[in-house]
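Undergrad: Chains as they are written, first to last, in the working numbering: chain A, -18 to 395; chain B, 803 to 1173.
If you are wondering where the hints come from, they were derived from the structure by calculation, not from laboratory data.
The C-beta atom is built at its ideal place from N, Cα and C for all residues, glycine as well.
Each hint can be trusted.
The calculated lysine-lysine pairs, modelled on DSSO-like cross-linking and capped at a C-alpha distance of 27 Å, are:
| hint | chain 1 | residue 1 | chain 2 | residue 2 |
| --- | --- | --- | --- | --- |
| 1 | A | Lys2 | A | Lys57 |
| 2 | B | Lys941 | A | Lys297 |
| 3 | B | Lys941 | A | Lys149 |
| 4 | B | Lys1097 | A | Lys149 |
Label-pair ranges, simulated between beta-carbon atoms:
| hint | chain 1 | residue 1 | chain 2 | residue 2 | range |
| --- | --- | --- | --- | --- | --- |
| 5 | A | Trp262 | B | Asp887 | 45 to 51 Å |
| 6 | B | Asp956 | A | Glu148 | 27 to 33 Å |
| 7 | A | Lys57 | B | Asp863 | 29 to 35 Å |
| 8 | A | Ser377 | B | Ala1159 | 35 to 41 Å |
| 9 | B | Ser1101 | A | Leu(-5) | 54 to 60 Å |
| 10 | A | Gly358 | B | Ser1101 | 48 to 54 Å |
| 11 | B | Trp916 | A | Glu233 | 51 to 57 Å |
| 12 | A | Glu141 | B | Lys821 | 34 to 40 Å |
| 13 | A | Gln378 | B | Ala1073 | 55 to 61 Å |
| 14 | B | Asp863 | A | Trp262 | 25 to 31 Å |
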Amino acid sequence: MAEDKPRDPEKDKLKIKSAKKMRDIMTAYYIDAKTARDNGKKVAWITSGGPVEALHVMDVIPVYPENHSAMIGATKMGGQLCELAENMGYCADICSYARSDIACATINGGPIGGLPAPDFLVCCNNICGTVMKWYEVQARYFNVPLFIFDTPICHTDFPEETRRYVEKQTVEYITFLEQVCGKKFDFDRMMEVGKLSLQGQRLWQDILDTTMSKPSPMSAFDAFFHMAMIVTLRGTQTAVDYYQELLAEMRERAANKIGVVPHEKYRLLWDNLAIWHKMKWLSEKFAAHDACLVADTYTSAWCSSMKYLDEGDFLKSMVAGYTRIYLNIGVDQMADIIKKMITKYDVDGIVMHSNRSCKPYSLGQYDIRKRIQDEFGLPILMIEADMVDERSFSESQIETRIDAFMEVIKEKKG
Amino acid sequence: MEAIQAFQRVVDDPGGYLKTLKAKRKIIGYCCTYTPEEIIFAAGAHPARLFGTKGAIQRADAHLQSYSCSLVRGVLEDALAGNLDALDGMVFPHTCDSIQRLSDIWRLNISSTWHNDVVLPVKLNTASAQEYLADVLGKFRRELQAWIGAPLTDASLKNSIATYNRLRVLIKRVYELRSASPAIMSGRAVNTMVKGAMIMDRLEAVQQLENLVQALEAGTGQTARSTAKRVILAGSICNHPEIYDIVEKAGAEVVWDELCTGSRFFEGPIAEDGDPLAAIARRYVGRMNCPAKHKDLRSRGETLLHMAQDHTAAGVIFLNFKFCEPHAFDYPYLKEMLQERGIASLLLEIDQELPAAGQLATRIEAFIETI
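Please model the entire structure based on the sequences and the hints provided.
TA: Okay, structure coming up:
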């Protein structure tokens, strides 16, 4: 944007000021990760729902291919990288996070010139089975050790044998880390990191909860941006400090009735991952209808198991904490959580992203839709797209459907 | 061959066949080779493998997106269409993300069946995963016993294991005879035999297989030595026996496979002494794995290489279900490993309907010509 352009004070007021700091922190984080070897540090690649706290204890820099792939999507480099993966023999129907990452690793492409090569990989399948196959590919490519933290799905309950199995793996995980890092695990440090992790999660939930205010001080699109910290820096003081600042800003906006959508009339809930390559377009599209996406099931997933976590004994409590997250539960339990969110955030409708790249999130959405419609009679829009691969986005068709959906909402609410 | 005709009848009308069995025992459906069938059989129930629908998919579209595989959509379609009314129960071992959600959708929509999730570990190569696997099998045994309402004893488990071992040895014997002289039986008949044996009453299947092996053994030596090129089929299940016909027409023979409707079903005997559940668990750990399970980084590739070596195959045809991620992720490294050893491969992505017959034949013929 040209510097000499006169600033619009009204638009400036709407901007979230902390965003700049967030960019600076993330830049510093990626510089640290890319220069880790020069500083004698190890780099681990870890899945977004993985037990990262233990890596901080070992002074390992965790790097998240999923966050990186989201950046690839946001910078619209997804289609190109996915195509490269397809030329390598990976079918176009597999997860676009995986396709972009697998391709990017071979050319150090993407918005930051690729991720630093890993010393080892940590894969937790609480988000999907896809990550296991993806990490197998990278373990072969980089020829590094792979630790699989297996969290069996809790379709209806959390059985005792599952708890026992995950508990044993917690011990194995620490032994694995001691071996690859060549040093002892510091359990006192684990206590501190565990506390910071939980503190970060509480703050993140508090931030997301400021959207209960009308008008909402932020939207799901802002949450998609600010979530990077709860994913990548969970368990650090940096995340806690930043989220404290962001929370203060959001509370102030709420108190001053500053809404992120200037004339918020309709409040919507988003389901599934973001469509990273269409964030601005979607955000403006809904705002033009005076609609604000006030909540989403995705960014809140990082605090979805807080109730199981105990800062007095993080390691033990993370057994349930990492196994019973949103997604690693039955479709009916997911529907129940959405139902609670409908009431909590007082929403008028739901936008479901049927995401070709994410089967555990998307298969079951039709049943969730039906359950919610039966109980609440809420209008629900289903958009079929892909989180990273912009080639699977039909703009004119989706635009027409959003307009039609908003008509229904307007008629219903007046 | 009479046995093949018997298998063909149950494959053609599994619903009708299962109804005739229903009078005698409970029928439990499943759609994965990690289903502990031996436990179901020991409980006096009948395990019936489901392969998806033969018709068009319509009803399942209300529950599953078009980007799920035809097995998941097809099995649900059959259930919603009433084609699986013979089922008393359904068991879902944890396989992939799609089957995981199919289980939820089934539980929420098909209330007429007993529903059980056997949430297996995704890795099989650690002691804690193996202990967990044994725990999960034990739990399945207890829950099945409670539902059936009759004791499920170790003795009945051991009998069941012996039956399954016999069944698997016989199928493997047919594969061996065919690998030695492919002309003794068509590839299509082999596919029918395996699928049939997964639907048919297991004792009856054993009897049919005994007869078949006997007939084949008596006939060996009479068939001329085959000059056909030798290929292996790899993937999950093969629902399209036409593929065998096309391969044969093109001058080749499928001499072995790495399929769930094939070697993944019959490989790996179960130890008949010691704790029966532990023995069943050990089979899953030792047997060639499905790509949805982690054993190590290259075991599937090594399995395929050995297979090609043992059966002097010059090529591998991958039959991957469209939208099946576990198989799609493995394909590039498998292709590369095979290539390094001079084994050619062809990838066919299969959806509910096969591509136009001419198109498929052209691709397969072109591949066979190059090997």
